[in-house]
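> Read off the chains here:
4 protein chains.
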Amino acid sequence: MSTLDNVIADLVVANRILAREDVVDAYGHISLRHPDNPRHFFISRSVSPELVERDDIVELGLDGQPVHEEKRPLYLERFIHAAILEARPDIHAVVHAHAEDILPFGIAQATPLRPVIHSGSFIGANVPVWDIADKFGDTNVLVTNMAQGRDLAKKLGKNAVALMRGHGFASAGRSMIEVVRLSVYLPRNARALMRAKMLGGKIKYLSKGEIDARNAGYSPYSNETWRAWEYWANKAGVGDLLTRPDGGTIYKPGHDHKHDHKHDH
Amino acid sequence: MSTLDNVIADLVVANRILAREDVVDAYGHISLRHPDNPRHFFISRSVSPELVERDDIVELGLDGQPVHEEKRPLYLERFIHAAILEARPDIHAVVHAHAEDILPFGIAQATPLRPVIHSGSFIGANVPVWDIADKFGDTNVLVTNMAQGRDLAKKLGKNAVALMRGHGFASAGRSMIEVVRLSVYLPRNARALMRAKMLGGKIKYLSKGEIDARNAGYSPYSNETWRAWEYWANKAGVGDLLTRPDGGTIYKPGHDHKHDHKHDH
Amino acid sequence: MSTLDNVIADLVVANRILAREDVVDAYGHISLRHPDNPRHFFISRSVSPELVERDDIVELGLDGQPVHEEKRPLYLERFIHAAILEARPDIHAVVHAHAEDILPFGIAQATPLRPVIHSGSFIGANVPVWDIADKFGDTNVLVTNMAQGRDLAKKLGKNAVALMRGHGFASAGRSMIEVVRLSVYLPRNARALMRAKMLGGKIKYLSKGEIDARNAGYSPYSNETWRAWEYWANKAGVGDLLTRPDGGTIYKPGHDHKHDHKHDH
Amino acid sequence: MSTLDNVIADLVVANRILAREDVVDAYGHISLRHPDNPRHFFISRSVSPELVERDDIVELGLDGQPVHEEKRPLYLERFIHAAILEARPDIHAVVHAHAEDILPFGIAQATPLRPVIHSGSFIGANVPVWDIADKFGDTNVLVTNMAQGRDLAKKLGKNAVALMRGHGFASAGRSMIEVVRLSVYLPRNARALMRAKMLGGKIKYLSKGEIDARNAGYSPYSNETWRAWEYWANKAGVGDLLTRPDGGTIYKPGHDHKHDHKHDH
Numbered sequence: 001m002s003t004l005d006n007v008i009a010d011l012v013v014a015n016r017i018l019a020r021e022d023v024v025d026a027y028g029h030i031s032l033r034h035p036d037n038p039r040h041f042f043i044s045r046s047v048s049p050e051l052v053e054r055d056d057i058v059e060l061g062l063d064g065q066p067v068h069e070e071k072r073p074l075y076l077e078r079f080i081h082a083a084i085l086e087a088r089p090d091i092h093a094v095v096h097a098h099a100e101d102i103l104p105f106g107i108a109q110a111t112p113l114r115p116v117i118h119s120g121s122f123i124g125a126n127v128p129v130w131d132i133a134d135k136f137g138d139t140n141v142l143v144t145n146m147a148q149g150r151d152l153a154k155k156l157g158k159n160a161v162a163l164m165r166g167h168g169f170a171s172a173g174r175s176m177i178e179v180v181r182l183s184v185y186l187p188r189n190a191r192a193l194m195r196a197k198m199l200g201g202k203i204k205y206l207s208k209g210e211i212d213a214r215n216a217g218y219s220p221y222s223n224e225t226w227r228a229w230e231y232w233a234n235k236a237g238v239g240d241l242l243t244r245p246d247g248g249t250i251y252k253p254g255h256d257h258k259h260d261h262k263h264d265h
Numbered sequence: 001m002s003t004l005d006n007v008i009a010d011l012v013v014a015n016r017i018l019a020r021e022d023v024v025d026a027y028g029h030i031s032l033r034h035p036d037n038p039r040h041f042f043i044s045r046s047v048s049p050e051l052v053e054r055d056d057i058v059e060l061g062l063d064g065q066p067v068h069e070e071k072r073p074l075y076l077e078r079f080i081h082a083a084i085l086e087a088r089p090d091i092h093a094v095v096h097a098h099a100e101d102i103l104p105f106g107i108a109q110a111t112p113l114r115p116v117i118h119s120g121s122f123i124g125a126n127v128p129v130w131d132i133a134d135k136f137g138d139t140n141v142l143v144t145n146m147a148q149g150r151d152l153a154k155k156l157g158k159n160a161v162a163l164m165r166g167h168g169f170a171s172a173g174r175s176m177i178e179v180v181r182l183s184v185y186l187p188r189n190a191r192a193l194m195r196a197k198m199l200g201g202k203i204k205y206l207s208k209g210e211i212d213a214r215n216a217g218y219s220p221y222s223n224e225t226w227r228a229w230e231y232w233a234n235k236a237g238v239g240d241l242l243t244r245p246d247g248g249t250i251y252k253p254g255h256d257h258k259h260d261h262k263h264d265h
Numbered sequence: 001m002s003t004l005d006n007v008i009a010d011l012v013v014a015n016r017i018l019a020r021e022d023v024v025d026a027y028g029h030i031s032l033r034h035p036d037n038p039r040h041f042f043i044s045r046s047v048s049p050e051l052v053e054r055d056d057i058v059e060l061g062l063d064g065q066p067v068h069e070e071k072r073p074l075y076l077e078r079f080i081h082a083a084i085l086e087a088r089p090d091i092h093a094v095v096h097a098h099a100e101d102i103l104p105f106g107i108a109q110a111t112p113l114r115p116v117i118h119s120g121s122f123i124g125a126n127v128p129v130w131d132i133a134d135k136f137g138d139t140n141v142l143v144t145n146m147a148q149g150r151d152l153a154k155k156l157g158k159n160a161v162a163l164m165r166g167h168g169f170a171s172a173g174r175s176m177i178e179v180v181r182l183s184v185y186l187p188r189n190a191r192a193l194m195r196a197k198m199l200g201g202k203i204k205y206l207s208k209g210e211i212d213a214r215n216a217g218y219s220p221y222s223n224e225t226w227r228a229w230e231y232w233a234n235k236a237g238v239g240d241l242l243t244r245p246d247g248g249t250i251y252k253p254g255h256d257h258k259h260d261h262k263h264d265h
Numbered sequence: 001m002s003t004l005d006n007v008i009a010d011l012v013v014a015n016r017i018l019a020r021e022d023v024v025d026a027y028g029h030i031s032l033r034h035p036d037n038p039r040h041f042f043i044s045r046s047v048s049p050e051l052v053e054r055d056d057i058v059e060l061g062l063d064g065q066p067v068h069e070e071k072r073p074l075y076l077e078r079f080i081h082a083a084i085l086e087a088r089p090d091i092h093a094v095v096h097a098h099a100e101d102i103l104p105f106g107i108a109q110a111t112p113l114r115p116v117i118h119s120g121s122f123i124g125a126n127v128p129v130w131d132i133a134d135k136f137g138d139t140n141v142l143v144t145n146m147a148q149g150r151d152l153a154k155k156l157g158k159n160a161v162a163l164m165r166g167h168g169f170a171s172a173g174r175s176m177i178e179v180v181r182l183s184v185y186l187p188r189n190a191r192a193l194m195r196a197k198m199l200g201g202k203i204k205y206l207s208k209g210e211i212d213a214r215n216a217g218y219s220p221y222s223n224e225t226w227r228a229w230e231y232w233a234n235k236a237g238v239g240d241l242l243t244r245p246d247g248g249t250i251y252k253p254g255h256d257h258k259h260d261h262k263h264d265h
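Here the protein sequences come in this chain order: A, B, C and D. Residue numbering for the first sequence follows the working numbering, beginning at 1 and increasing consecutively. Residue numbering for the second sequence follows the working numbering, beginning at 1 and increasing consecutively. Residue numbering for the third sequence follows the working numbering, beginning at 1 and increasing consecutively. Residue numbering for the fourth sequence follows the working numbering, beginning at 1 and increasing consecutively.
So that you can see chain A by itself, here it is in the shape it has in the complex:
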């Protein structure tokens, strides 16, 4: 079981990866359930993910309120995390982001977002679309209380991702690594599907059997998963914060050549 220090470090790594991979920008956030107390979770205070440091991480309850006294402003939309973690005991990490490539699928809902590339399998067979207006009418479109958060969690159901109409998405994973991976590949899958539609003709989606086979096969520290996590952490400049609770080796990149880290797409 991760120590709290490693949990905090993981959260910083995850924030930086999501920023580096263009999943989040000025806005967006990620949470991780407290490893020892399922009614609490960790998330940054209100600051952009690219700037998150260890001292920014705060502990909240499943009501979205801070556990300890906290003067610094918190994310207005922390209720997304509180409500999903409350509704889903199987979930330990949640991401909310506005990643551009998924927005059209929440706006023009005639085309369901489904996996078409193998790395998109983690988004699951079904990606529901939640529209805040259905229950709450005209709002500022932000999830700013538990009632809205719970309505979103209800639409998410047992799925991995819910699109939020005209806003972004919320994703849920069994671990930090899994929710980050799924959130990174969600926009790529969206791009591939949009471009396939533009080409025209019959589209071959991943089958249910393929989605299930892939989800059964990957664990957070299986080599294929860890390779990407390690790569993304190094790209984001936080490779030195990596830890592995399973005792596996963390290879350090060599020093033969200066690494020119560019963004991935």
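In case anyone wonders, no lab produced these hints; they're calculated from the structure. Incorrect hints may appear among the rest.
[To be verified] Only some residues are given here: those of chain C computed to face chain B with a beta carbon under 7 Å: (1) ALA196; (2) GLY209; (3) GLU210; (4) GLY217; (5) ALA228.
All C-beta atoms in this analysis are idealised placements derived from N, C-alpha and C, irrespective of residue type, glycine included.
Following the hints, complete the assembly by docking chains B, C and D onto the known chain A.
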């Protein structure tokens, strides 16, 4: 009320943010009304926004002419700013830019540009398209005098943005932060709408009620707005120029890790 | 009149700008007619534009052959430059590039590439498409001799740009600054037109009168033109090589803040 | 004939180029047949291509298994390389990648991917699409054994590239330089073809004669090929690892100006 030094610094920050966020490139500019004399405004001399420094800022009158002696060349299109600030006492900052993603909506006008994503609400419910040829026939397509500027301001009316056919856009905000935010999100909203159209089927736009709720909720220094401004300023390398007239705290990014600032999209 | 040293420096600046602005990549080149001998021109030896240095510049005749002994390999396609400079005494600089965004217009010729944005006016009212196969049948698609170069020059006629089917484009300008500016804005105009087509509905092109008004108004050292040239040169890291034969001032960027030069789009 | 040291260095260069040119990201790999023992090949252990160093290169047999004792994890999909090198004695290097722009052509197969730009000629006249489900039903979509690898090699046949439905592509070249070049231009050709389709109307593909003429003309160390290889290696920060078995000169980039290497598109 901001001191003049802070106003000049804000203008430098704003120029750099617009450049860093790809709203402007070699061309484009931003103005800020003089806080004490509404018949004057500040803008850079003719230099690309990415290179603007404090010494480049000049003071112009609402006729677009310099208040003090000025030998260095001025922006040919400063009349956009003069005319809009003249027509709109409620407006304190104006941006003119050629951001690529909005150009198609001025060229193929069958599709009105309207908010489809929540961060696009700031562009307002209506985005008129101004065509210089309607009144002036064949020109070099630049706004180079007050007559043309006033015709543009008339088309803008009470709206936040007017597209300029085959050229770019002009945006107007109640403050520097608000006009920059709206100008950054305008191209993102345009991209989301274009991609939604490409997907096909019914498009859900933001409702008038949603647009109004969002505009009522945000002030320039509300935490959600300030977070983005602070983030963008740091990305653009001008975080140290930030000031807040409302007395709120400006958090300094930590120094745990080297910040690898990439562009946002 | 530029000294030869300034001519060589200009050519290095132009190569670096074209690389930085993504007009050229591993391939592509730019030439400049000898200011004193119209039957000669300058171009780099065969090296990628981003790497061109002063020592790489060679002098060729209008037959595409070196004037002085030259052991280093030359661009296979230097005949594009030789033939256009031969056919067009009014032209002093030529660019050949494969810029991605113009390629579709040479491949799917049903949509003529015409100016739709004001900065695209420099490409002229008419952009012919040259297909090497029309006269030469199956080839390796490269212009590797004077016969092919002259056929391309014939298709270019009096225009500023000719697309080369399945290959790229050739552009011709009255000066170095003008051919670079037109070559930078050509792909942007192509993107705007393609996106306008995707939006659907009637497209408003620049009128002939607008194109003419803009071409009459701009000179290589007019302030609006120089501002972009100066900006691009600084972005490309060669600002210190800039010279102005018209005696105008070259402003040096300030040193208030570290310049984070990102690519423009 | 290259010494083994040069072979290993070439493989490191190739990995870095593929990463820098956005052909691969966290995933993807490249192999090179042993110059002296055709039943062996070299490939990195399981690490992202951008991080590959000389010590990461391992030697495998055509069964995909390591020749020497190896504790570090290997690429799960090394069987792609083993099977293609086994089936094709004419091939000496293989790339597997997920490059985004080719994915739609494997998902919406109504549009065959064929050369439309001259640099796309190297992908060959025919690009088959392999679907792992045809023979193996529901799987995790990865090629994780020789049976799957051989089925892919059978679909590839004598061609240069096979798309892998919902996954990526596998490319085969007579040399390292050739397979990297083809893999870099494959996504560019895909983008040009997709955009040409979006423009609409008749599309002009490269003719068989053009494809053949280009393939006959280029050798790995012909000047046109070497120029790109040298440029890409320098962009990727590994220019100092370059070697040329044909005795040709390797020019060193000058030091007049700081090189600001940006990504190519």
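> Are the hints correct? Go through all of them and say.
So, going through the hints one by one against the coordinates:
The criterion of a C-beta within 7 Å of any C-beta in chain B is met by ALA196 (chain C), whose closest approach is roughly 4 Å, and the hint holds. At its closest, the beta carbon of GLY209 (chain C) sits 3 Å from a beta carbon of chain B; the interface hint therefore holds under the 7 Å criterion. For the restraint placing GLU210 (chain C) at the interface with chain B, the shortest Cβ-Cβ distance is roughly 5 Å, inside the 7 Å limit, so the hint holds. A cut of 7 Å between beta carbons decides the hint on GLY217 (chain C): the least distance to chain B is about 5 Å, and the hint holds.
For ALA228 (chain C), the interface hint holds, the least distance from its beta-carbon to any beta-carbon of chain B being 4 Å, beneath 7 Å.
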